[in-house]
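S.K.: Spelled out from the first residue to the last, the chains are:
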Amino acid sequence: MKYDVQLCEIVRRAEIADDTYDFTVQAPAFAAVAKPGQFAHIYVPGRTLRRPISICDIDRENGTLRFVFQIRGAGTADLANFEVGDTLDILAPLGRGFTVDPEKKALFVGGGIGVPPLLGAAKYYGQNATVAIGFRDKNHVILAEDFKAAGCDVRVATDDGSFGHHGLVVDLIRDVRPDILCACGPMVMLRAVAAFAKENNIRCEISLEERMACGIGACLGCAVELYDENGEIYMGHVCKDGPVFAAERVVL
Amino acid sequence: MKYDVQLCEIVRRAEIADDTYDFTVQAPAFAAVAKPGQFAHIYVPGRTLRRPISICDIDRENGTLRFVFQIRGAGTADLANFEVGDTLDILAPLGRGFTVDPEKKALFVGGGIGVPPLLGAAKYYGQNATVAIGFRDKNHVILAEDFKAAGCDVRVATDDGSFGHHGLVVDLIRDVRPDILCACGPMVMLRAVAAFAKENNIRCEISLEERMACGIGACLGCAVELYDENGEIYMGHVCKDGPVFAAERVVL
Amino acid sequence: MADLQVNVAGVSFHNPLIAASGTFGFGREYAEFYPLSTLGGISSKGITLKARPGNPAPRIAEAPGGMLNAVGLQNPGVDHFIEQDLPWLREQGTRIIANIAGNTPEDYCAMAEKLNDTDVDMIELNISCPNVKQGGVQFGTTCAGVSGITKAVRAHCKKPLMVKLSPNVTDISEMALAAESEGADAISMINTLTGMRIDIRTRRPIIHNNTGGFSGPALLPIAVRMVWQTYQKVKIPIVGLGGISTWQDAVEMLLAGATALQIGTVLFTDPYAPVKILEGLTKFMDENGIRSLSELTGAVQAW
Amino acid sequence: MADLQVNVAGVSFHNPLIAASGTFGFGREYAEFYPLSTLGGISSKGITLKARPGNPAPRIAEAPGGMLNAVGLQNPGVDHFIEQDLPWLREQGTRIIANIAGNTPEDYCAMAEKLNDTDVDMIELNISCPNVKQGGVQFGTTCAGVSGITKAVRAHCKKPLMVKLSPNVTDISEMALAAESEGADAISMINTLTGMRIDIRTRRPIIHNNTGGFSGPALLPIAVRMVWQTYQKVKIPIVGLGGISTWQDAVEMLLAGATALQIGTVLFTDPYAPVKILEGLTKFMDENGIRSLSELTGAVQAW
Ligand SMILES: Cc1cc2nc3c(=O)[nH]c(=O)nc-3n(C[C@H](O)[C@H](O)[C@H](O)COP(=O)(O)OP(=O)(O)OC[C@H]3O[C@@H](n4cnc5c(N)ncnc54)[C@H](O)[C@@H]3O)c2cc1C
Ligand SMILES: Cc1cc2nc3c(=O)[nH]c(=O)nc-3n(C[C@H](O)[C@H](O)[C@H](O)COP(=O)(O)OP(=O)(O)OC[C@H]3O[C@@H](n4cnc5c(N)ncnc54)[C@H](O)[C@@H]3O)c2cc1C
Ligand SMILES: Cc1cc2nc3c(=O)[nH]c(=O)nc-3n(C[C@H](O)[C@H](O)[C@H](O)COP(=O)(O)O)c2cc1C
Ligand SMILES: Cc1cc2nc3c(=O)[nH]c(=O)nc-3n(C[C@H](O)[C@H](O)[C@H](O)COP(=O)(O)O)c2cc1C
Ligand code: FES
Ligand code: FES
Numbered sequence: 001m002k003y004d005v006q007l008c009e010i011v012r013r014a015e016i017a018d019d020t021y022d023f024t025v026q027a028p029a030f031a032a033v034a035k036p037g038q039f040a041h042i043y044v045p046g047r048t049l050r051r052p053i054s055i056c057d058i059d060r061e062n063g064t065l066r067f068v069f070q071i072r073g074a075g076t077a078d079l080a081n082f083e084v085g086d087t088l089d090i091l092a093p094l095g096r097g098f099t100v101d102p103e104k105k106a107l108f109v110g111g112g113i114g115v116p117p118l119l120g121a122a123k124y125y126g127q128n129a130t131v132a133i134g135f136r137d138k139n140h141v142i143l144a145e146d147f148k149a150a151g152c153d154v155r156v157a158t159d160d161g162s163f164g165h166h167g168l169v170v171d172l173i174r175d176v177r178p179d180i181l182c183a184c185g186p187m188v189m190l191r192a193v194a195a196f197a198k199e200n201n202i203r204c205e206i207s208l209e210e211r212m213a214c215g216i217g218a219c220l221g222c223a224v225e226l227y228d229e230n231g232e233i234y235m236g237h238v239c240k241d242g243p244v245f246a247a248e249r250v251v252l
Numbered sequence: 001m002k003y004d005v006q007l008c009e010i011v012r013r014a015e016i017a018d019d020t021y022d023f024t025v026q027a028p029a030f031a032a033v034a035k036p037g038q039f040a041h042i043y044v045p046g047r048t049l050r051r052p053i054s055i056c057d058i059d060r061e062n063g064t065l066r067f068v069f070q071i072r073g074a075g076t077a078d079l080a081n082f083e084v085g086d087t088l089d090i091l092a093p094l095g096r097g098f099t100v101d102p103e104k105k106a107l108f109v110g111g112g113i114g115v116p117p118l119l120g121a122a123k124y125y126g127q128n129a130t131v132a133i134g135f136r137d138k139n140h141v142i143l144a145e146d147f148k149a150a151g152c153d154v155r156v157a158t159d160d161g162s163f164g165h166h167g168l169v170v171d172l173i174r175d176v177r178p179d180i181l182c183a184c185g186p187m188v189m190l191r192a193v194a195a196f197a198k199e200n201n202i203r204c205e206i207s208l209e210e211r212m213a214c215g216i217g218a219c220l221g222c223a224v225e226l227y228d229e230n231g232e233i234y235m236g237h238v239c240k241d242g243p244v245f246a247a248e249r250v251v252l
Numbered sequence: 001m002a003d004l005q006v007n008v009a010g011v012s013f014h015n016p017l018i019a020a021s022g023t024f025g026f027g028r029e030y031a032e033f034y035p036l037s038t039l040g041g042i043s044s045k046g047i048t049l050k051a052r053p054g055n056p057a058p059r060i061a062e063a064p065g066g067m068l069n070a071v072g073l074q075n076p077g078v079d080h081f082i083e084q085d086l087p088w089l090r091e092q093g094t095r096i097i098a099n100i101a102g103n104t105p106e107d108y109c110a111m112a113e114k115l116n117d118t119d120v121d122m123i124e125l126n127i128s129c130p131n132v133k134q135g136g137v138q139f140g141t142t143c144a145g146v147s148g149i150t151k152a153v154r155a156h157c158k159k160p161l162m163v164k165l166s167p168n169v170t171d172i173s174e175m176a177l178a179a180e181s182e183g184a185d186a187i188s189m190i191n192t193l194t195g196m197r198i199d200i201r202t203r204r205p206i207i208h209n210n211t212g213g214f215s216g217p218a219l220l221p222i223a224v225r226m227v228w229q230t231y232q233k234v235k236i237p238i239v240g241l242g243g244i245s246t247w248q249d250a251v252e253m254l255l256a257g258a259t260a261l262q263i264g265t266v267l268f269t270d271p272y273a274p275v276k277i278l279e280g281l282t283k284f285m286d287e288n289g290i291r292s293l294s295e296l297t298g299a300v301q302a303w
Numbered sequence: 001m002a003d004l005q006v007n008v009a010g011v012s013f014h015n016p017l018i019a020a021s022g023t024f025g026f027g028r029e030y031a032e033f034y035p036l037s038t039l040g041g042i043s044s045k046g047i048t049l050k051a052r053p054g055n056p057a058p059r060i061a062e063a064p065g066g067m068l069n070a071v072g073l074q075n076p077g078v079d080h081f082i083e084q085d086l087p088w089l090r091e092q093g094t095r096i097i098a099n100i101a102g103n104t105p106e107d108y109c110a111m112a113e114k115l116n117d118t119d120v121d122m123i124e125l126n127i128s129c130p131n132v133k134q135g136g137v138q139f140g141t142t143c144a145g146v147s148g149i150t151k152a153v154r155a156h157c158k159k160p161l162m163v164k165l166s167p168n169v170t171d172i173s174e175m176a177l178a179a180e181s182e183g184a185d186a187i188s189m190i191n192t193l194t195g196m197r198i199d200i201r202t203r204r205p206i207i208h209n210n211t212g213g214f215s216g217p218a219l220l221p222i223a224v225r226m227v228w229q230t231y232q233k234v235k236i237p238i239v240g241l242g243g244i245s246t247w248q249d250a251v252e253m254l255l256a257g258a259t260a261l262q263i264g265t266v267l268f269t270d271p272y273a274p275v276k277i278l279e280g281l282t283k284f285m286d287e288n289g290i291r292s293l294s295e296l297t298g299a300v301q302a303w
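Chains as they are written, first to last, in this note's numbering: chain A, 1 to 252; chain B, 1 to 252; chain C, 1 to 303; chain D, 1 to 303.
There may be inaccurate statements among the hints.
As the list claims (entries may be wrong) - As a list, the in silico DSBU-like pairs of lysine-lysine whose alpha-carbon atoms are at most 35 Å apart:
#, chain 1, residue 1, chain 2, residue 2
1, A, K2, D, K276
2, B, K105, B, K138
3, B, K138, B, K2
4, C, K50, B, K240
5, B, K240, C, K159
6, C, K276, B, K2
7, A, K240, D, K235
8, B, K104, B, K35
9, C, K233, C, K283
10, C, K50, B, K2
11, C, K235, C, K158
12, C, K114, B, K2
Honestly, the hints are just simulated from the structure, not real lab data.
From just these sequences and the hints, can you work out the full model?
M.R.: Structure (structure tokens):
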């Protein structure tokens with residue numbers, strides 16, 4: 001049995017930026033097998049569909065998972081109201097995560113709420129990782145300290161220049177030539193990053209979002225256009241074939 | 001403006017019998033105008049229809065209302081999970097309560113979860129009240145001490161004889177000849193009580209239940225067959241014309 | 001500030017929110033919460049030619065995402081409405097729509113004649129009440145039925161005429177076309193979807209009528225789809241309803257093609273819903289530079 | 001202990017819970033939660049003659065009391081199903097129903113022929129997929145359409161034949177009668193109700209197909225009503241579905257007239273729902289001295 005649903009107690013909770021929450025839950029069985037870049041499907045009481053949230057970090061030792069999420073609608077607003085001591089009904093770990101090969105040099109590129117899925121993987125690389133993350137403004141900067149604590153070279157951009165580089169996150173990566181590039185964020189960012197990787201012959205993995213029902217590949221809800229080996233387009237599924245894909249396989 | 005909805009904080013909460021809860025909420029505006037026998041329409045998060053619950057007691061001085069309710073389905077089960085400090089979204093006070101004339105002698109007859117609506121009125125009568133209440137068994141006896149504290153003559157019956165009289169509550173009232181009889185409970189009990197009152201020429205008021213939507217008389221959902229002045233049957237409404245009715249007006 | 005005014009078939013409403021028939025009685029109860037002028041209009045409880053007692057209890061059941069009802073058109077009859085309720089309603093500073101239901105075309109026509117001489121603003125033809133055999137639903141589920149009844153009433157009705165459609169049909173837009181072609185001035189849609197709940201303990205239907213009409217939040221996607229389909233076919237304005245509970249739902253319904261809106265079941269959950277929906281709409285319009293609600297009507301961009 | 005076994009058209013299911021088509025793929029994913037023999041049967045994802053890529057994303061939206069989908073029959077085609085999926089499914093210790101959809105009667109017949117020679121237990125004729133023009137819904141919304149397609153397939157189909165009906169019709173019991181009279185062995189009902197959600201920020205339908213099928217808890221009262229109406233008209237067994245989420249819902253559906261049940265959307269909310277529903281059903285039967293589930297079928301006592 002590969003999949004399971006468990007009731008996981010919230011052991012830490014913080015609001016780390018405007019409308020952005022940071023939950024740590026007790027989930028030893030999940031933590032033992034989860035990989036960076038995988039996601040959890042979280043039940044929101046009273047709603048038919050679970051909410052997919054990336055696993056931001058995995059603490060095997062303490063048997064915990066960390067989630068960082070933003071309020072974007074009614075479901076995430078409800079989740080934000082959970083307190084320490086409450087339990088979340090979680091289906092995890094789901095999907096395919098990032099390739100982790102800490103001998104190599106990695107570049108992580110994240111935009112906004114696309115940053116949390118990168119943390120777990122970046123931690124494996126530590127000093128071998130460059131992390132370029134972009135946000136709307138100073139009040140939305142998250143996790144920069146966590147990447148630093150892991151030893152990564154961290155570069156921050158904000159749209160309005162209120163923190164770090166004034167401009168786009170892609171401006172911060174022109175000089176980096178890693179073995180692998182891992183990215184998550186808005187589609188425009190992913191396109192720019194994938195183009196940069198292609199130009200420079202860098203292996204590139206991107207994490208995608210799509211609306212989901214089952215979360216495990218049964219309902220075929222979370223379709224994404226992919227290229228097969230022959231370059232033909234077919235419909236893959238974010239929950240099972242992803243959420244992390246080799247960039248060149250995705251019809252961007 | 002006669003009606004209002006308010007968020008009322010729960011200040012006291014107890015489980016007083018199996019699956020039976022006793023909530024006191026802060027609601028000064030409602031407490032100031034509520035009358036014994038009226039009811040509140042309580043919002044249960046996520047559900048379309050509010051739940052009608054009788055006002056069990058009114059404390060004008062402290063500005064509180066008391067509700068005693070039993071878990072009978074999903075909505076009352078949700079309500080039971082509320083804690084002290086939580087707020088309930090309450091529409092109150094609704095409907096017509098019991099006639100209260102404490103100069104007179106009153107008899108209160110209640111069965112099961114029909115007992116709570118009687119407490120507020122019985123308190124007005126104090127020593128002028130006889131209270132006959134029946135329950136399934138010892139574990140379901142509620143509020144007997146509250147009636148006693150108010151000075152009433154309290155008689156308890158249980159179906160299985162595990163507390164008080166072994167038998168029906170109507171067995172306990174044969175000797176009483178009050179000016180007014182107020183009753184709430186199962187239909188069979190109400191019929192027996194109304195017959196007793198009629199035989200003995202006692203004014204009789206009964207509190208009824210019906211499934212409700214609006215709670216204020218607009219949707220015509222909570223129909224009850226009543227006799228008009230000419231003895232013709234028409235459809236009245238429990239929420240507006242009741243929940244307390246003169247027994248002789250109701251098609252029992 | 002945003003202009004919430006809308007115009008339906010020549011009748012202007014100072015805002016698009018109309019209380020849905022049957023959920024608001026004749027207004028007296030909700031007037032104890034706020035002035036009825038809070039609403040753009042009120043559609044009366046369904047009125048019949050003669051008084052009706054309605055169905056036996058229970059008339060109400062709950063269901064996930066909504067409720068069922070089978071009130072069965074309890075009402076005091078059209079004469080009582082005209083004499084006792086209308087004068088008071090007229091003073092409340094809101095538009096008054098008379099929702100009428102009948103057993104025969106003659107019933108409808110007779111009511112329309114009586115209402116011609118009153119100052120109701122509009123007549124809403126209820127041919128979709130699923131809860132009484134004599135509630136007109138026999139007219140509402142075939143094109144021929146809709147055409148026939150609309151034509152008949154049109155000939156007797158001097159007021160703007162709105163036809164209220166049932167969702168319990170294969171293609172509601174065909175019904176709308178039928179009504180339009182016989183002279184309806186507007187369409188209101190949708191009435192309730194027929195449903196049933198059973199008490200598993202007693203093995204009895206919860207509602208005494210066995211079946212009842214499903215209304216409430218879960219109706220919204222069905223209603224939005226039907227309004228959208230119909231908007232593409234008819235030229236007369238559509239008053240959209242079914243499950244509207246929030247200002248976002250209201251915007252969705254407008255985008256789908258509604259000119260004005262009705263709200264029903266949400267009033268039971270929250271009597272103050274109209275106030276909140278109007279606040280939300282106003283804020284939404286201001287923030288998005290929308291000057292008139294009509295800019296939203298039908299503005300959905302289909303894929 | 002209670003006997004949960006049911007018999008539909010000569011096929012016996014060790015319990016009444018069948019995974020609804022399209023919500024369970026070909027079973028491989030849910031087999032990672034529990035043995036598929038937990039279920040009485042599995043209805044496959046809708047299969048077409050040739051592979052289909054399905055609709056562009058987004059295919060899913062949420063709504064109060066349920067969800068919308070417009071997957072658009074993405075599937076690898078009937079040959080792939082027979083060769084790659086069926087052998088594995090066959091080993092799981094549960095009944096296998098092939099849900100087939102097509103554009104023309106010839107499509108359906110060709111698939112039925114191919115499936116005749118396999119060991120699927122039953123064929124479910126999907127003439128109610130609202131999400132693709134070629135999904136058979138053109139057959140499912142008129143009596144003539146239902147008769148025609150049932151008759152055509154019946155002539156080629158050696159397996160027990162179940163016809164799955166669309167709720168997007170005026171009178172579903174007429175469709176059931178049409179299917180029965182042309183030789184259907186069972187009816188499954190209901191498929192999804194067509195709905196639409198609009199993103200008020202982008203003014204685009206949330207689902208790329210514009211409309212999608214509404215499923216989930218809110219469907220229950222509609223489905224119960226339709227099963228009840230149909231049970232009174234047809235003699236062939238009805239497999240009831242639409243919104244079943246709890247064991248109480250399951251009992252309601254049986255009382256309304258269902259012989260067996262399908263569950264779909266609830267699996268997304270809680271993958272373990274089948275286990276919980278079966279536990280609840282067993283306890284209910286034991287407590288109420290119900291020896292066989294067939295005692296419940298149609299046992300509602302109407303008023
Ligand atoms: C694999 C994956 C990982 C994700 N990881 C994170 C994360 O770590 N942190 C975070 O803040 N967000 C993450 N998201 C996005 C998150 O799932 C959505 O913000 C959330 O589902 C919105 O729910 P809502 O109820 O607030 O919004 P609503 O708009 O009310 O939701 C309605 C429906 O749409 C779905 N939906 C809406 N937006 C999205 C979206 N962007 N992606 C997928 N489904 C959506 C909801 O799940 C729900 O089914 C992730 C999404 C995916 C697919
Ligand atoms: C005027 C009045 C006063 C009441 N006072 C009390 C009280 O003081 N204490 C108490 O424990 N109960 C009281 N009840 C009964 C209480 O309202 C129901 O037990 C409760 O609504 C059941 O809700 P549920 O969600 O638990 O049950 P469900 O069966 O899940 O409810 C489904 C729907 O049916 C309605 N419903 C179910 N049973 C009843 C019922 N007996 N009466 C009315 N509606 C019902 C619910 O309100 C809801 O709309 C009163 C009822 C009325 C009408
Ligand atoms: C209790 C109740 C009574 C109703 N009575 C009527 C009626 O008399 N005439 C009518 O046209 N519609 C009637 N309806 C239908 C509503 O007007 C409306 O079409 C339906 O409830 C859908 O809207 P909602 O989801 O906002 O409630 C009634 C609905 C309810 C809930
Ligand atoms: C994602 C999804 C895909 C579906 N695909 C099919 C299908 O391929 N064939 C079919 O007959 N029904 C399909 N359905 C309809 C379901 O089988 C079922 O009839 C409907 O969802 C109602 O049941 P429920 O409320 O239990 O989900 C699908 C439903 C969903 C939610
Ligand atoms: S969400 Fe069901 S296949 Fe991805
Ligand atoms: S509940 Fe609406 S009239 Fe009583």
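S.K.: Which earlier hints can't be squared with this structure?
M.R.: 3, 7
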